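Chemist: Sequence:
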Amino acid sequence: MSDQARTIYAHAREAPFGRTLFVSGQIGVAPDGGMRAEFAEQLGQAMANVEALLAAAGMVLADVRKATFILTRTDDLCTLEQVRQTRWASNAPAAVTVLVAAALARADAFVEIEVTAVRRSVFGDHAAGLLRRIARWARGFAAAHSRPLSRINEQGDWLLRDLGLERADIQSSAERLDALRRAMPFQ
198 MSDQARTIYA HAREAPFGRT LFVSGQIGVA PDGGMRAEFA EQLGQAMANV
248 EALLAAAGMV LADVRKATFI LTRTDDLCTL EQVRQTRWAS NAPAAVTVLV
298 AAALARADAF VEIEVTAVRR SVFGDHAAGL LRRIARWARG FAAAHSRPLS
348 RINEQGDWLL RDLGLERADI QSSAERLDAL RRAMPFQ
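Numbering (my numbering), first residue to last: 198 to 384.
Any given hint could turn out to be false.
Stated by the list, open to error - Label-pair distances were calculated between CB atoms; the ranges are:
1) Val-295 <-> Ala-252: 21 to 27 Å
2) Arg-329 <-> Thr-271: 41 to 47 Å
3) Ala-299 <-> Arg-333: 43 to 49 Å
4) Arg-329 <-> Ala-252: 27 to 33 Å
5) Met-232 <-> Gly-255: 25 to 31 Å
6) Ile-331 <-> Ala-298: 40 to 46 Å
7) Ala-249 <-> Arg-329: 31 to 37 Å
These aren't lab readings, by the way, just hints derived from the structure by calculation.
Everything numeric in this text was worked out from a predicted model, so none of it was measured.
Using N, Cα and C, we set each Cβ at its ideal position, and we do this for glycine too.
Produce the entire structure from the sequences given, and follow the hints as far as they go.
Modeler: Structure representation (structure tokens):
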């Protein structure tokens, strides 16, 4: 892949734990309802429409993980690449698919853009990592129904260590109840 292409698309892009926005196909229709006449104008308006939907959801172009461009003419591929390089270039570009179709739903449309954007969770990577560890432990625990009890306890100990705890830090409800009974003054 050329260095120039690296800033406008990626073969794959991971979506971190967070909110996901699916933007359906946007064409070059202006807010006043008018359709732009030329491909470059339609592309610019369609991009502006996508950007407006992202902003309305509290997202930015950097949150876009996947973009699909559908064109009706192969002659417009060079213009698409030039506009994307200047307007949507990024250090972490989206995975991109470009298709050429015989026509779009609206006969005078030359381009349609749809994107999937993911905004990182407000809880950050720590919470996402914790949830992954709990899910991994739960899968192991669910598979443990045929394992001896000692193996289940080993998995429980592993989860506690993974969370930075020790078994001594955790009391069962029966242990807490016994401790409360011993602490009662009327015994």
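Chemist: Are there hints from earlier that the structure breaks, and if so, what are their numbers?
Modeler: Those not satisfied: there are none.
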